[in-house]
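Given these sequences and hints, build the entire structure.
There are 2 protein chains.
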Amino acid sequence: MINFDEAYNLVLEHSLDIGIEKVDLPTSNGRVLAEAILADRDFPPFDRATKDGIAINYAAIEKGLKNFKIEAVISAGMPQQKLGDSSNCMEIMTGAVVPENADTVIMYEYLDINDGYAALTKEIVKGQDIHHKGSDVISGTVLLDKNVRIGAAEIGVLASVGKSEVLVKKLPKVCVISTGNELVEVSETPLPYQIRKSNTASLFAALQMQLIEAERIHLKDNKESIGKELTHILKTFDVVLLSGGVSKGKFDFIPEMMESLEVKKVFHRVAQRPGKPFWFGIQETQKTVVFSFPGNPVSTFASYHIYFLPWLRKSLGLMQKKEVVLLEESIEVKLPITRFVQVKTQNRKGAIWATLVRENGSGDLTSLAHSDGFICLGPRETEYEKGEPVAFISTKS
Amino acid sequence: MINFDEAYNLVLEHSLDIGIEKVDLPTSNGRVLAEAILADRDFPPFDRATKDGIAINYAAIEKGLKNFKIEAVISAGMPQQKLGDSSNCMEIMTGAVVPENADTVIMYEYLDINDGYAALTKEIVKGQDIHHKGSDVISGTVLLDKNVRIGAAEIGVLASVGKSEVLVKKLPKVCVISTGNELVEVSETPLPYQIRKSNTASLFAALQMQLIEAERIHLKDNKESIGKELTHILKTFDVVLLSGGVSKGKFDFIPEMMESLEVKKVFHRVAQRPGKPFWFGIQETQKTVVFSFPGNPVSTFASYHIYFLPWLRKSLGLMQKKEVVLLEESIEVKLPITRFVQVKTQNRKGAIWATLVRENGSGDLTSLAHSDGFICLGPRETEYEKGEPVAFISTKS
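These protein sequences, in sequence, are chains A and B.
Every position in the first sequence, counted from 1, becomes a number in our numbering once 44 is added.
Every position in the second sequence, counted from 1, becomes a number in our numbering once 44 is added.
Keep in mind that the hints were calculated from the coordinates and are not lab data.
It is possible that some hints are incorrect.
Claimed, not checked - The list that follows gives simulated cross-link-like pairs (lysine to aspartate or glutamate, EDC-like), each with its CA atoms no further than 20 Å apart:
{"#": "1", "chain 1": "B", "residue 1": "K388", "chain 2": "A", "residue 2": "E367"}
{"#": "2", "chain 1": "B", "residue 1": "K95", "chain 2": "A", "residue 2": "E403"}
{"#": "3", "chain 1": "A", "residue 1": "K388", "chain 2": "B", "residue 2": "E367"}
Unchecked claim - Label-pair ranges, simulated between beta-carbon atoms:
{"#": "4", "chain 1": "B", "residue 1": "S269", "chain 2": "A", "residue 2": "N111", "range": "35 to 41 Å"}
{"#": "5", "chain 1": "B", "residue 1": "I114", "chain 2": "A", "residue 2": "E259", "range": "51 to 57 Å"}
{"#": "6", "chain 1": "A", "residue 1": "N191", "chain 2": "B", "residue 2": "K393", "range": "36 to 42 Å"}
{"#": "7", "chain 1": "B", "residue 1": "D68", "chain 2": "A", "residue 2": "K308", "range": "34 to 40 Å"}
Remember, it's a predicted structure, so these values are computed and weren't measured experimentally.
A virtual CB, placed ideally from N, CA and C, is assigned to each residue, including glycine.
As C-alpha cells, this is what we get:
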C-alpha cells in the first residue's frame, strides 16, 4: 500500500499525449487550444469611433470654432471618408472609421444639431472617443497561448482573427466499465438483492462535462467473458475506468485479469479513505491507461475527481487546479491515511468556508449530491483546526 | 437612465416560466430538475456487506468461538442465504446480502483461512462492516429537491432510484442577433473598415455552456428588412439577444423598431460602465423577452453575465449565485455609475483575491480571455480599499 501523494504522482506520471485535431470554431468551445493565436491584423483595424456623434479636426477648436458644418454621415461598415474642410465635421456612428483629416469624436450628448450644423455644448479633449488602430494589439501579437481551455471569451478572440477552424487537443477515448452480478439496468425493477447501475451513469455524466462521450460496458463476474471483452477494450480505448472488482473478494478478478492481459500494475491500494482498493495500471504496448476504482458509489466518485480529472488535465496540457477552503469546524484524523471528506462550501466575505456533509459510509450516494466537493486531510498527529486552510477538490464544476 | 440595481431587478421581474419536459437520464445532465426525487425503496435495500470476508453470528464469539467452519460463499447479486448453524460462517463479498442468522462481517485481513475454516486474528465488534438496510435512507425519503442543477452526483441518485426518464425545466429558445453593416463572417477576410462577427460567436458559445443551442441571425442596418425579420423572430423564440444597434446613432433602429413591433421598453440605458446603452423589453402578447446589448465586445460579454445569466437562473428556478472576492489593490470610482471591472482571481489560503486586468476600453476582446470575471463597484464617494470584499460575477463557469 502506498500513500496518497505517491499514488497521485504516479497517476500523473502516466498521463498520455493523445494528439491534436482541427475542429470548427463552435466545436472548439470547452476544448483545449493546441496552437498559439496571433492577431492577424491590428486591433482595432482602424481608428474607430467609440461614440455616436461627430468627427472633427481638433485644430478647428484651437482656432476658436464651436459650430461645425456637417459634410456627411458615416456609419459602421463604410470605407474611410475624408473630411474635406477641417473647419467642418462629419456625423459618425459607433464602430465607423474616423475620417481622414479628423482626430477627435464628440458624442451627441455634447452637441446641439440644427440645420446641418453641430454646435458644441461642452468642453472636449483632443483625440477623445477614438479607439486608435492597433491600440489593443498590433498585428502578430499573441492573443491566446496554447494549452488554455477555450470558453466564450476565447471563442470571441478566435472569431475576431478569423479562426473558423481551430487546432485543439484530442480528447481520450474512454470506456467506462461496471462489474458485478448484482447490478441491473436503471430502467429495470431490481430484485431485493440487486441494485441499479448508478456508478457508470454518474461517471458517464461526469465525463460528458469534460466533453467526453464515453462508451459504457457491463461485465458479469465471469473470468472468461471478462478476459475476452477486456482484450478488445484495451485495444480500442485510450483509457478504461472500471468501477468495482478490485477489492479482496473471490469474484474480484480484475487485478489478476489485467496482469494476464499485460496491463502493468503501477499500484494497488492507497492509504486513503474512501478509495483504498484503487488499482492503477497501464497496458504497455497499447499505452491504455486503466483506472480501476473501488465499487462503492462514494469511492468511485471521489477517485474520479481525485485521480482521473488531474490525469486528464495533465494529458491535455492544462495546469492543475489548486483550491483551498477554510474549515468551519475542527476534525480529528486518527488513522495513518489520507481522508477525503465531503463538504459544502460557502463564500463569506471573499473567504470560502467548508462545512462537513453528514455521510453514511461509502455507499451513500445522496450525500454526494449535497456536497460541493471533498477536502483532503493528510495524516497527522494533531487535529485539523477550525479556520485552518485545507486542500479542496471541487465536484460541482 | 436608471441605476444598476433597478435595472437588475427589472430584468429579474421579467423572468419566464418556460415549462417542463421529460428527457432520458443521460440528457438530463446539466439540466434543472423539475420534480422531487424520492427513494423508491430503502437504501441500501438489504443488509449489505461492505468488506470481503466472512459473515458470522456474533453470539458465537460471545460463547468464545474463534474458528468458524465455512458453509458457503456468497457473492453480490445472489439472493439472501441462511447461515445454517450459528457457530459456522459464510464467506461473503462486498455488496452481497448478509445471510439470515448472521449479524457481523469480518474482513479477510482479520482472518486466517485454512481447510474450510476461518480463524479470527483480531478483536472484532458486533455488527461491524454491515451497511444496514435503510441506514442511508428509507423508502419515500426525498433524495433530491426540485430546482437543483443535475450533475454527475445527481445522475447517480436518479439512476439508483430507477429514473430512466427525468422531468426537467425546459430551456428557452434563444435567438442571437448581430447588427451592423461592418460585420463579416469569421471565415471571410475583412476589408480594412470591416470586422468579423465575434460577439455572436461568443454569445453562442456562452449559451452552449448553458446547454442552449441558440439560433444566430445577422441583420443589416436596414429598417425594412430588420422589421420583417424581427416580426418573425419575436414569434418564434422565447428570448432575443441583440448585440449592437442600441446607442444613439442614426443607424441604431432597434429601440424604435421594437416599439413598433409592440415590444414594450422596460428600460433603456443604465448608469453603469460598460453596458450603458443596454435596452431591455418584452413583447407583451408573445412574452418574448428582448435583451438588446451594446455592440462593443466587452459590453455585450459583461451584459450577458450581469443580466442574462441571472435572468436564466431565475427562469429555471435556480438560486442566484452570490460570489464575493477581496480587492488586491484599491480602486477609485469617480462617476455616479456602477462599474464592472475585469479581474483575475486567485485562491490564497482559502480567500479569493482579485487583481485588476488591464483593459483597453470596451473594444478589447482579448482582455476578456485573460479575466475570470467582473467585480461590481457601486458608485460611492470613498475609494474601494485593498482587502475590501466586493461582489464578483464569474465569467469562467
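Each hint, compared with the structure:
At most 20 Å may separate the alpha-carbon atoms for a hinted pair to count; K388 of chain B and E367 of chain A meet this at roughly 15 Å. Of the supplied pair hints, the one linking K95 of chain B and E403 of chain A holds, its CA atoms being roughly 18 Å apart against a limit of 20 Å. In summary, the hint linking K388 of chain A to E367 of chain B is supported, as the alpha carbons are separated by about 15 Å, within the 20 Å threshold. Under the hint 35 to 41 Å, the C-beta atoms of S269 of chain B and N111 of chain A, about 37 Å apart, fit the expected range.
Range check, I114 of chain B to E259 of chain A: about 39 Å between beta-carbon atoms, so the 51 to 57 Å window is missed. The hinted window of 36 to 42 Å between N191 of chain A and K393 of chain B is violated, with their beta carbons roughly 27 Å apart. In this structure the supplied range 34 to 40 Å holds for D68 of chain B paired with K308 of chain A, their Cβ-Cβ distance being about 39 Å.
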